[in-house]
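Student: Sequence:
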Amino acid sequence: MNPNEVVYISNIPKQTSLAELHSLLKSSGNVVGSTFMRENRNDCRTKIAFVLFENEAQATEACSLDQTLFQSHRLSVMLSNDDRKFLAGYTIVIHNTSSDTSEEDLFEACCRYGNVETVQIPTNHYAFVGFSERSAAHAAHRKLDNSMLNQHQVTVKVLDEDVRVRLEDLDSYKTPRVYNELLRAKQQYFGNQEPM
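Its first residue numbered 0, the sequence shown is counted upward by one per residue in numbering that gives the first Met the number 0.
In case anyone wonders, no lab produced these hints; they're calculated from the structure.
Take these hints with a grain of salt, some might be off.
Calculated lysine to aspartate or glutamate pairs in the DMTMM-like style (CA-CA distance at most 25 Å, straight line) [what the hints assert, rightly or not]:
no.	residue 1	residue 2
1	K25	E180
2	K185	E160
3	K142	E180
4	K46	E107
5	K25	D42
6	K142	E60
7	K25	E38
8	K185	D161
9	K142	D82
10	K156	E60
11	K84	E160
12	K156	D144
13	K46	D104
14	K84	E107
15	K13	D144
16	K142	D81
17	K156	E180
18	K185	D144
19	K185	E19
20	K84	E55
21	K25	D99
22	K13	E107
23	K13	E160
24	K84	E60
25	K156	D82
26	K142	E103
27	K46	E180
Label pairs and their calculated CB-CB ranges [what the hints assert, rightly or not]:
no.	residue 1	residue 2	range
28	Q186	Y125	17 to 27 Å
29	E55	H94	30 to 40 Å
30	K156	C110	13 to 23 Å
31	R111	C62	40 to 50 Å
32	R163	D42	15 to 25 Å
33	N54	D99	37 to 47 Å
34	E160	Q186	32 to 42 Å
35	V162	C110	19 to 29 Å
36	A184	H94	21 to 31 Å
37	N149	A87	22 to 32 Å
38	E55	Q187	36 to 46 Å
39	S146	R183	21 to 31 Å
40	Q186	D99	37 to 47 Å
Each residue gets a CB set at the ideal place from its N, CA and C atoms; glycine is no exception.
Could you put together the complete structure from these sequences and hints?
Tutor: Right, here's the structure in full:
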């Protein structure tokens, strides 16, 4: 399977259906197959998806939806083989966030210190906020550390080493269910196409 035809999407609300996700993506191209991960984990407030498109151009077009607000959640959208990282010095990690703190709450709390490039809440009680400038990350750290956010006292630190943005890989060994579902969808989709 060509990883440049598969898009990784995170920060998807738990209640989102595949039909709703496909509706968001339809302007990018033809969705061949898709599957969710982390939808049954109690320690995660959101889930992720891998979405297979008909070709690389459509998958690349879908990546233009990165940081789009969807059902009050700021989505992270990238190709499945994108090794983007939260960069040391440019990213803060916020600990002890309340369970009702959203990506948008964090975006609003942090954007006054500089340009926020991405926000991610991997599991309950902590989050990453990536800035475009080191000075913004350090200013957010100084102002937000030991402050109150949604009735919780949070601690904030600047990352001292890079952390990968993607929470899961599309891999036939590590995630065989996801890989096989997309492979079957691709075989069905292209098997049902009329010959040119």
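Student: Now tell me, hint by hint, if it's right for this structure.
Tutor: Checked hints:
For the hint pairing K25 with E180, the CA-to-CA distance comes to about 20 Å; that is within 25 Å, so the pair holds. A C-alpha spacing of about 38 Å is found between K185 and E160, which places the hinted pair above 25 Å, so the restraint is violated. The straight-line distance between the Cα atoms of K142 and E180 is roughly 46 Å, outside the 25 Å bound, and the hint therefore fails. Restraint check for K46 and E107: the C-alpha separation of about 22 Å stays at or below 25 Å, so the hint holds.
For the suggested pair K25 and D42, the alpha carbons sit about 30 Å apart, so the restraint of at most 25 Å is broken. Annotation: proposed proximity of K142 to E60 is violated, straight-line Cα distance about 37 Å (limit 25 Å). At roughly 22 Å between alpha-carbon atoms, K25 and E38 fall within 25 Å of each other, so this suggested pair holds. Taken as a hint, the K185 and D161 pair is broken in the structure, with Cα atoms around 34 Å apart against an allowance of 25 Å.
Proximity of K142 to D82 is assessed by CA-CA distance (about 30 Å); at most 25 Å being required, the pair is judged violated. Only pairs whose Cα atoms come within 25 Å are accepted, and K156 paired with E60 is rejected, the gap being roughly 34 Å. Distance hint between K84 and E160 is fulfilled; the C-alpha atoms sit about 10 Å from each other, no more than 25 Å. Between K156 and D144 the alpha-carbon distance is near 7 Å, which keeps this suggested pair within the 25 Å criterion.
At most 25 Å may separate the alpha-carbon atoms for a hinted pair to count; K46 and D104 meet this at roughly 18 Å. As the CA atoms of K84 and E107 are separated by approximately 22 Å, the hinted pair is consistent with the 25 Å bound. Straight-line distance between C-alpha atoms of K13 and D144 comes to about 29 Å, which puts the hinted pair past the 25 Å bound. Taken as a hint, the K142 and D81 pair is broken in the structure, with Cα atoms around 32 Å apart against an allowance of 25 Å.
For the proposed pair K156 and E180, the alpha carbon gap of about 39 Å is over 25 Å, so the pair is violated. For the hint pairing K185 with D144, the CA-to-CA distance comes to about 47 Å; that exceeds 25 Å, so the pair is violated. The straight-line distance between the Cα atoms of K185 and E19 is roughly 20 Å, inside the 25 Å bound, and the hint therefore holds. Our distance criterion of 25 Å between C-alpha atoms is met by K84 and E55, whose separation comes to about 22 Å.
Taking the CA atoms of K25 and D99, the gap is near 30 Å; set against the 25 Å cutoff, the hint is violated. Taking the CA atoms of K13 and E107, the gap is about 22 Å. The hint holds against a cut of 25 Å. Restraint check for K13 and E160: not satisfied, since their Cα atoms lie roughly 30 Å apart, outside the 25 Å limit. For the hint linking K84 to E60, the alpha-carbon distance of about 21 Å falls within 25 Å, and the restraint holds.
In summary, the hint linking K156 to D82 is supported, as the alpha carbons are separated by about 23 Å, within the 25 Å threshold. Using a Cα cut-off of 25 Å, the hinted pair K142 and E103 holds, with the two alpha carbons roughly 18 Å apart. A hinted pair counts as satisfied when its Cα atoms are at most 25 Å apart, and K46 with E180 qualifies at roughly 17 Å. A C-beta distance of roughly 39 Å is found between Q186 and Y125, which places it outside the suggested range of 17 to 27 Å.
For the pair E55 and H94, the beta carbons lie near 39 Å from each other, so the given range of 30 to 40 Å is met. Range check, K156 to C110: about 19 Å between beta-carbon atoms, so the 13 to 23 Å window is met. For the hinted restraint 40 to 50 Å between R111 and C62, the CB-CB distance of approximately 28 Å leaves it violated. Distance hint for R163 and D42: a CB-CB separation of about 19 Å, consistent with the stated range 15 to 25 Å.
Restraint check, N54 to D99: a C-beta distance of roughly 40 Å satisfies the suggested window 37 to 47 Å. Between E160 and Q186 the beta carbon distance is about 41 Å. The supplied range of 32 to 42 Å therefore holds. Range check, V162 to C110: Cβ separation about 21 Å, and the 19 to 29 Å hint holds. At about 39 Å, the CB distance of A184 to H94 disagrees with the hint of 21 to 31 Å.
Checked against the hint of 22 to 32 Å, the pair N149 and A87 passes, with Cβ atoms roughly 27 Å apart. Evaluation of the 36 to 46 Å hint for E55 and Q187 yields a failure: the beta carbon distance comes to about 20 Å. In this structure the supplied range 21 to 31 Å is violated for S146 paired with R183, their Cβ-Cβ distance being about 49 Å. Separated by about 42 Å at the C-beta atoms, Q186 and D99 satisfy the suggested range of 37 to 47 Å.
Violation of the numbered hints given earlier is confined to hints 2, 3, 5, 6, 8, 9, 10, 15, 16, 17, 18, 21, 23, 28, 31, 36, 38 and 39; the remaining hints are satisfied by the structure.
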